[in-house]
Amino acid sequence: MEQPLQTETWKAQSLEELVRILHRIFAEDKVSVDEVQALMESYESNPEEWLQYAKFDQYRYTRNLVDNGNGKFNLMILCWGEGHGSSIHDHTDSHCFMKILQGNLKETLFEWPEKKGNGEMTKKSERVLRENQCAYINDSIGLHRVENISHTEPAVSLHLYSPPFNTCNTFDQRTGHKHKVTMTFYSQFGERTVCSLLNIYYIR
Amino acid sequence: MAAAGGERPDLEPGPELAIEESEPEPESEPEPEPALAAELAARRSAEARRLVLSPRRLSGPLPAGLSQWFPALEVLDVSGTGLTEMGTELLSLPCLHTLLAKNNRLGGSRSLPKGLEQAPLSRSLRVLNLSGNRFSEVPPALLQLRGLRSLSLGGNRLHGIPPDIQELHSLEFLYLGGNFITAIPPELAKLPSLRYLVLCDNKIQSIPPQLAQLHSLRSLSLHNNLLTYLPREILNLVHLDELSLRGNPLVVRFVRDLTYNPPSLQELAGRTIKTRNVPYTPSDLPESLVRYLSLASNCPNPKCGGVYFDSCVRQIKFVDFCGKYRLPLMHYLCSPECSSPFSSASQSSTSQSESDSEDEASVAAHRMQKVLLG
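Protein sequence lines correspond, in order, to chains H and L.
First residue of the first sequence: 1, per UniProt numbering; consecutive thereafter.
First residue of the second sequence: 1, per UniProt numbering; consecutive thereafter.
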């Protein structure tokens, strides 16, 4: 592991090392978004290291917890089958980092709807994220929808949320109406979770 | 690149085939057929159940002899090999249940071998992935694979779906996203076990109401098409967990397909009574009609005067909204129009639906929240 220079540039040589460095970073009082984003990007995806967490579901994308960051962050792997996508959602005042481990994901940014708004939500921008790229979003930047638009390739992404949260709002693109939802994990630390099997409150 | 895959709770190994075999890493330069055949022959195994040939380049069809060298083969992955035709060797594989041939150059008339109907494959094959090829039509030979449970033709050049798709009567998973399909044949609805139907990213203009007969359907993906309306019958899909509709120019209104299911006089009369506040007492009507009128459901949106009759409200969760989150389809389709003060639905001043007084608005909004959260 390289020692950070004044500019705090990390290079994670493995997923395990990434987690270790994250724990160090988040042990401090102040955490730099740029630092975390650079760290996430520095990790070169190696499927052997994360295959155990990559559990796909036929019908929808899955959230698979990798590490719960001593309560400071949640690190999870999302698995997207062909055509799988999320709703438009916010991030409950947390920071969200999303790194592509395999395949590609399209991220569409939306403006927050007007308070009394009752019209189609406004798209801000869209982009396709490639393998090993890491995107960042928080509520002040906007809302987004993430989708695997490939009809032939599954996609896998690594997400870090800090602080951790298990509820958020999803938004109807046509009206801007929002609804609070609770999220669950398809698996935790490589094991399928029972409540997922019961399909309770599964957020997309 | 190895595709990461995982368990599917219900199906056998699906299109996302898991980990590559312990077969040695194939080289990537073009492989003349004799050399490949020689290599496979050298590695023959009577026990090997999985064979991954990607990402070699195949200059011809699957090498003759494959079935002799690997008689126990159950899973064959020839994705990304540049294959233009499968060849007849497929017919000799006695127990193949998964064939992955995505991202190739299949699509011509010789893509699949003749004689599939008699081959063991027609009964053994469960999973077929032909996504990312060049099929402009579903090859008729494919319809001989009567044991097929999972079929992907995503990202091809299909302009339609053949009515004979109904021959694949064991089909549970059908992925047709990313083609140029303009219409869905009603015969698609004759697939009794279909659970997952993906039709996103096509050019579909309407959904045949017969699709409501797909009683096993759990997930229906229709986003990014040219749909302007949905047939009311879609409410009958009671087991539907997920439905994606975004990216369609949906006109927010129910349209009954009059050819198949015209509204009954009873329903029309019932709607009139409710929306015009025609007074009645239990002694005015037979008990059955009183009960019928009591089944009228109102759109939860307080500004909508919409009233409909369903013995139970079909609640379908929307991929666009959230996972386990139930929302009446009616409301979803009603809401943008409902919120418009000039919509025809709200012509009546006070119907027997909720009044739109300002005080009640917040109560109604709360109720909507409850409805929405299930």
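Since the hints were derived computationally from the structure, they do not count as laboratory data.
The beta carbon of each residue, even a glycine, is placed where N, CA and C say it ideally should be.
One thing to keep in mind: the hints can contain errors.
[As the list claims (entries may be wrong)] One-sided excerpt, in silico: chain H residues whose CB lies under 7 Å from chain L:
(1) E82
(2) G83
(3) H151
(4) T167
(5) N169
Structure-based check of all given hints:
1. E82: At 6 Å from the nearest chain L Cβ, E82(H) passes the 7 Å test, so the hint holds.
2. G83: With Cβ-Cβ at 5 Å, under 7 Å, it holds.
3. H151: 3 Å, holds
4. T167: 11 Å, violated
5. N169: At 9 Å from the nearest chain L Cβ, N169(H) fails the 7 Å test, so the hint is violated.
The structure shown violates the earlier hints numbered 4, 5.
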